[in-house]
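All chains should be built: construct the whole structure from the sequences, respecting the hints.
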Amino acid sequence: MHENRYWVVGILRVAIIGAGMTPIRRKWDRGSRELALMAIFEALDMAGIGPRDINGIFTVPQGYIIDPEDVDWLATQHLGEYFFTDTKAQAMVEIGGVSSLVALKYAAFEILMGRCNIALVYAAEKQVVREEWNPQRHMYLLYLVNGFYGPLDKRYGIMKPIVYYAMITQRYMYEYGVSREDLAYVPVVLRKHASMNEKAQFRDPITVEDVLKSKVVCPPLHILDCCPTSEGAAALILASEKVAKDLGVDRVYITGIGEHHDPTSFFPVYGSATEFPCARKAMEEALQKSGRKIKDIDVAEVYGPFSGTEVMLYEELGFFRKGEAIQAIKEDRTTIDGEIPINTSGGRLSLGHPPHVTPLAEVYEIFLQLTGRAGQRQVKDAEVGAVHAEHGAVNGSMVMILEKG
Amino acid sequence: MEFEDPIKKFLGYISSRKFMLPYCGKCDKYIYPPRNFCPFCGSRNLEWREISGRGKLYAFTTNPDPILFPPGVLGIVELDEGVKVLSRIDGKYEDLKIGMPVRLDFMEVTVGREKMVVHKFVPVKEEGG
Ligand SMILES: [Zn+2]
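Here the protein sequences line up with chains R and B, keeping their order. Sequential numbering of the first sequence, starting at 1, is according to the numbering used here. Sequential numbering of the second sequence, starting at 1001, is according to the numbering used here.
Just to be clear, a hint being listed does not mean it is correct.
Said to hold, decoys possible - Anything over 10 Å on all C-beta distances counts as not near chain R; from chain B, calculated:
#1 Phe1010
#2 Asp1065
#3 Asp1080
#4 Leu1086
Said to hold, decoys possible - Okay, the calculated beta carbon distance ranges per label pair:
#5 Ile294/R to Asp1105/B: 29 to 39 Å
#6 Arg1017/B to Gln90/R: 48 to 58 Å
#7 Glu241/R to Gly1012/B: 54 to 64 Å
#8 Asn1036/B to Lys380/R: 15 to 25 Å
#9 Met113/R to Gly1012/B: 31 to 41 Å
#10 His138/R to Thr1110/B: 14 to 24 Å
No lab work stands behind these hints, which were simulated from the structure alone. These numbers come from a predicted model, not from an experiment. Cβ coordinates follow ideal geometry from the N, Cα and C atoms, glycine included.
Following this line, the structure appears as structure tokens:
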């Protein structure tokens, strides 16, 4: 244990010195590049540096359901030119919902290796929404998103992962005796958090009754159990420990990273659909690398795109025992002054969920919490935070442990 | 190396209304999605076997985007052979139950631009129930 701690403190210690995020909305009247620059300059200002100080640029694609005009596969090259800065590393990373956390990991590793000393990680997401749909221009997107479900499942015309999330939720409710009404507490608590976040997409309080009366999208999930369609951008500035100290700015250290991908795609053919081994293993690894225990975590952001998986993830990540998270949520034990505040941002359901941006939006929230900038939703004395992201229908997970510098 | 895509082979069987899976005799396991090796022991000595067509409904929902595929119930079926597969399920959502016995059938459907045969499962009335 001591040896591990030494390894972590000595080596795995990269500072986040600035963070920025646009408000999350269903639709922005700006393109992905403009959104990115809004978030990036907010982060640069917080770090007290300029664009020419950056020597690494890491990003993700601008989304899947995106108009051709908003796609820029060479976004890092274009940004490098705009910033007029020489860089030692650039990359665009893609692996579904964890993409931007993987981009952050890569940036952190380049800093650990001493190749970069100040790195930018950002994500900006755009979506073609219903009223913009133009069959001539966008038809290919139907086949593109259908292709995510592989050569066998795509034959059933699957267009969104909610099909799997709904079935996983139904099975979980069946195995653990969770009622439809129980589940409705999840969006209610998240909305309570979002009401204190001026950047959240939905801020008006809702009740259990509102959730139960809302339209059924994919049973047992109602529309208020689901993340919305969202656009926005987030950016982080990373620096080596030395550079962060020299700059003398508030900082948060990445002290542990865990990542695991199960050999499954959307549902386990052989295992149980109500367990997410990847989430458990990613959390265990991240805690071990940071020398922390689950009880040390003061605040967490969890990537729950639907109410059911939100509850299941609280358990699989180790915050609660299996089958016990829903009771904790109902008793307000996951709220800002609860025993473990989770998704103080409003979570995916109420903050909004641009999937490529979400992991950085989660880090943004934890950064605010650990540097005392979270305002009304500040968790008192928060020093250790955790961020989780997943891809598929929780087929792979990443966890990062963040600590106040 | 010569490689016969087991997914293509599987879909070829499906189009002739046969549900065949690679089977590893060493492990006594059926393999899904179809692979050219056994994921449990690594053996490439697999035999294609027709399944019994019996299974249980593991979970189900309704198709929220009936754009490329007609509306109706989609479910995960746990086959007697020990693997879970996604499938169209006959019947109304309200009438179905987790654990219900189901049997294999096929349907012809146009998915997007392409006409194809897909497998589906049909609830079986429990005897003496
Ligand atoms: Zn075998």
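Now for the hints, and whether the structure bears them out:
Its beta-carbon lying about 8 Å from the closest one in chain R, Phe1010/B breaks the requirement of being farther than 10 Å from that chain. At the 10 Å boundary, the C-beta of Asp1065/B falls inside the reach of chain R, the nearest C-beta of that chain being 4 Å off. The claim that Asp1080/B is not at the interface with chain R holds, since no C-beta of that chain comes within 10 Å of its own (minimum 14 Å). Remark: the non-interface label on Leu1086/B conflicts with the geometry, its nearest Cβ contact in chain R lying 5 Å away (cut-off 10 Å).
Between Ile294/R and Asp1105/B the beta carbons are some 48 Å apart, a value that contradicts the proposed interval 29 to 39 Å. Here the CB-CB span from Arg1017/B to Gln90/R is close to 52 Å, well matched to the stated 48 to 58 Å. Take Glu241/R and Gly1012/B: their Cβ atoms lie about 58 Å apart, and the range 54 to 64 Å holds. Checking the proposed 15 to 25 Å range against Asn1036/B and Lys380/R shows it is violated: the Cβ atoms sit about 57 Å from each other.
A beta carbon spacing of about 49 Å between Met113/R and Gly1012/B contradicts the range 31 to 41 Å that was offered as a hint. In this structure, His138/R and Thr1110/B meet the distance hint of 14 to 24 Å, their C-beta atoms being roughly 21 Å apart.
Consistency with the previously given hints fails for numbers 1, 2, 4, 5, 8, 9, ordered from lowest to highest.
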